[in-house]
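Chain B: place on chain A using the hints.
There are 2 protein chains.
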Amino acid sequence: MIKSPDAIAIIGLGNAGLPLAAVAADSGVKVIGVDLNEERCVRINQGINPIPEEKGLEELIMLHGGKSLLATPRFEDAKNCSTFIVIVPLFVDESYSPDFTVMERAVRSLGRILKKGDLVVLETTFPPGTTDTKIRAWLCESSGLEPSDFFLAYSPERIMTGYSISRLREFPKVLGGTDEESGFRAFQVYSKFISNLHLVSSAKVAEMIKVMEGCYRDVNIALANELYKICEEMGVDFFEARENANHQFCHIHLPSTGVGGHCIPVYPWFLIKEMERREEFSRCRLLRTSREVNDEMILYWAEKIILECMKLDKPLSMVKICIKGITFREGVKEFYHSRNLALARLLSEKGLDVYAADPLLSEDMVKSKGLRYIRPEEADLIFDPFELRLTVAGGDSTR
Amino acid sequence: MIKSPDAIAIIGLGNAGLPLAAVAADSGVKVIGVDLNEERCVRINQGINPIPEEKGLEELIMLHGGKSLLATPRFEDAKNCSTFIVIVPLFVDESYSPDFTVMERAVRSLGRILKKGDLVVLETTFPPGTTDTKIRAWLCESSGLEPSDFFLAYSPERIMTGYSISRLREFPKVLGGTDEESGFRAFQVYSKFISNLHLVSSAKVAEMIKVMEGCYRDVNIALANELYKICEEMGVDFFEARENANHQFCHIHLPSTGVGGHCIPVYPWFLIKEMERREEFSRCRLLRTSREVNDEMILYWAEKIILECMKLDKPLSMVKICIKGITFREGVKEFYHSRNLALARLLSEKGLDVYAADPLLSEDMVKSKGLRYIRPEEADLIFDPFELRLTVAGGDSTR
Chain A
2 MIKSPDAIAI
12 IGLGNAGLPL
22 AAVAADSGVK
32 VIGVDLNEER
42 CVRINQGINP
52 IPEEKGLEEL
62 IMLHGGKSLL
72 ATPRFEDAKN
82 CSTFIVIVPL
92 FVDESYSPDF
102 TVMERAVRSL
112 GRILKKGDLV
122 VLETTFPPGT
132 TDTKIRAWLC
142 ESSGLEPSDF
152 FLAYSPERIM
162 TGYSISRLRE
172 FPKVLGGTDE
182 ESGFRAFQVY
192 SKFISNLHLV
202 SSAKVAEMIK
212 VMEGCYRDVN
222 IALANELYKI
232 CEEMGVDFFE
242 ARENANHQFC
252 HIHLPSTGVG
262 GHCIPVYPWF
272 LIKEMERREE
282 FSRCRLLRTS
292 REVNDEMILY
302 WAEKIILECM
312 KLDKPLSMVK
322 ICIKGITFRE
332 GVKEFYHSRN
342 LALARLLSEK
352 GLDVYAADPL
362 LSEDMVKSKG
372 LRYIRPEEAD
382 LIFDPFELRL
392 TVAGGDSTR
Chain B
2 MIKSPDAIAI
12 IGLGNAGLPL
22 AAVAADSGVK
32 VIGVDLNEER
42 CVRINQGINP
52 IPEEKGLEEL
62 IMLHGGKSLL
72 ATPRFEDAKN
82 CSTFIVIVPL
92 FVDESYSPDF
102 TVMERAVRSL
112 GRILKKGDLV
122 VLETTFPPGT
132 TDTKIRAWLC
142 ESSGLEPSDF
152 FLAYSPERIM
162 TGYSISRLRE
172 FPKVLGGTDE
182 ESGFRAFQVY
192 SKFISNLHLV
202 SSAKVAEMIK
212 VMEGCYRDVN
222 IALANELYKI
232 CEEMGVDFFE
242 ARENANHQFC
252 HIHLPSTGVG
262 GHCIPVYPWF
272 LIKEMERREE
282 FSRCRLLRTS
292 REVNDEMILY
302 WAEKIILECM
312 KLDKPLSMVK
322 ICIKGITFRE
332 GVKEFYHSRN
342 LALARLLSEK
352 GLDVYAADPL
362 LSEDMVKSKG
372 LRYIRPEEAD
382 LIFDPFELRL
392 TVAGGDSTR
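Chains as they are written, first to last, in the working numbering: chain A, 2 to 400; chain B, 2 to 400.
Hints are computed from structural coordinates only; laboratory data are not their basis.
For clarity, every value in this text was computed on a predicted model and none was experimentally measured.
Where hints are given, some of them may not hold.
Where chains are identical, the list cannot tell them apart; a pair therefore holds if satisfied intra-copy or between any two copies.
Claimed, not checked - When the alpha-carbon atoms are kept at most 25 Å apart in a straight line, the in silico SDA-like pairs for lysine to any residue are as follows:
(1) 135 / 233
(2) 56 / 46
(3) 274 / 286
(4) 56 / 250
(5) 274 / 296
(6) 305 / 275
(7) 274 / 297
(8) 274 / 293
(9) 274 / 235
(10) 56 / 362
(11) 351 / 307
(12) 351 / 283
(13) 351 / 388
(14) 305 / 280
(15) 274 / 289
(16) 274 / 233
(17) 305 / 281
(18) 305 / 283
(19) 315 / 379
(20) 305 / 282
(21) 274 / 240
(22) 116 / 135
(23) 56 / 249
(24) 135 / 235
(25) 305 / 279
The following block holds chain A by itself, in its conformation from the complex:
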């Protein structure tokens, strides 16, 4: 256990927390990483990287794991630290409201070792205002400290699985305190391992910045999806049009089966829910419409797949359809709000003879998602959701 008070504690060694911990350790900072997953901690301390798809992480874990980066499942091991960075997941429930269960547990556990004068920085993406209200209240309740006894700031993670190390090293990182002194102290700590750091006027502004970025992405993917559908209807090659439409002032995104994962499809709801709670329904119409357009893309693709089946000389119910990709995006073994999984299930519910396969998944993993497995070459029709490509067995593929 590291006893030096200049060590920083990072609560949560998941896809976002571990790259941060590794980059901090690599910058010469002593890091105590707290994660309830004991096995994960053991492996990190052995120098074994638990996120193989994260470029550059392996070397850092090998170098620093168990040395300047010490992982532990016990909050008490971090009690001598004076800076705590919290980066644990926040989910949404079925009605798209944030579910703070995991976050509250982590923050209250942290509160029990929090001392007067300590600094706490949150990194998880939040509905704006969360750090200075919910988080502060939980910390006070569990620590017995007064609100002004500790420093509190917010700095949103901007990682993207696969590119997190380079993002931490090069990308602008935003930071805001709940008061001036908190922002200043957090800036000093983060300066030790983040080079492109931007202090903004408040934690709430920093929270909003991250949510706004997600909204930009979601709305622009919805726009790409809408323009794609219009181009298809009008007989225009969307991809050719997009390539020539884009320039320094125009950034039309790529169409898709929708938007999955823990981030982009979730963040707009933070603002939508807040506006609806305030009965300001008209202030979030575009965000809501974009969510609907993106989530409904599976209906569009389902229809397209069914129409493609007409090219085959078989009764529709006997056409073996393979959805070749069920993770939420290519190259990431995650399923949260996966529209590809939702598409396979939708076609199944319609009574079609649907199977699935995935370049990243074994037959058993496909089956564990409640789908039947097929080798793509045995299907009559293959839909590749990452390429948006429909292929008829032995025939041409169309995009």
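Same frame as chain A, but now just chain B:
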């Protein structure tokens, strides 16, 4: 009159046509410009620039006007040309459907001098498909030629008043033929005066490209407006958040009183109307919502202005309000779909004591728009729609 058959004719010497004609002339091409406005033609031939706000145009008109750029109100003067570029305005009617009256008249007049083997290129922004359907039909009817007797292509203007010359010289320009030979021939002609030229697979794709760019702008301005309203509601400085949210993958636009002018608020309707005609209402929901969000911004600003009036110790109906800017955007003396003009009228309809002023306009011009004039410093409350700034007389301004 230029008799050489290698001269090109440009039909329409307006804000888009004249810079194109000037750049072509400056590249050594002989140009005959046809414009029904006889006085404008006389001035151009005298070397006088009729669009003073267009940077760099004055020198070109002075150099080439009346020499290699000859302006004429008569189509017959261009009858020896073999290339015709049409760049006249297209408006929308009150139900946002395109109004082809001016375009049809110009195209039919051109048809009367069209010869076998000639090339016609359209530059006006169109609903995709227009060049190969309506335009071709009008040309055939008025010329008596068969559809395959002439070459037909499309290359959208991408000018922006004030920056048209640099755009023509540096910005990528897209071109598509209604068939391969038409595209090829148009490419050869345009190569003489456009350096960054991109041939795409069809006129229809080229038409869609321009409309898609407008849709990107409209949707992203709607997003900026929606995020601005949410930030205001939640007590976050939108401008600070935007500045820090934007990076190479995030391009949040600026909020405004809405979107005016002949271009951005019009182009989305080309696609919306086409989808509605096909009863494909769900394919244009985002475009439609964006139009509504942008057009309704004047309601938001009207409410904000009224709430600001409460700071004054006067009955609401006696507060002199000045809308300091009624053109559709700053620095351009145009009113088409101006949301600032619409805002002044809306407040007036509500019975408020509203006046207007504009940095570009005389008192008489303000009055000609049906508004009362006031010198801003005589008003109790000033709203600057270009800065989104509300100023109470003798007080602070808020943004």
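Would you pick out the hints that fail for this structure and give their numbers low to high? The structure breaks none of the hints.
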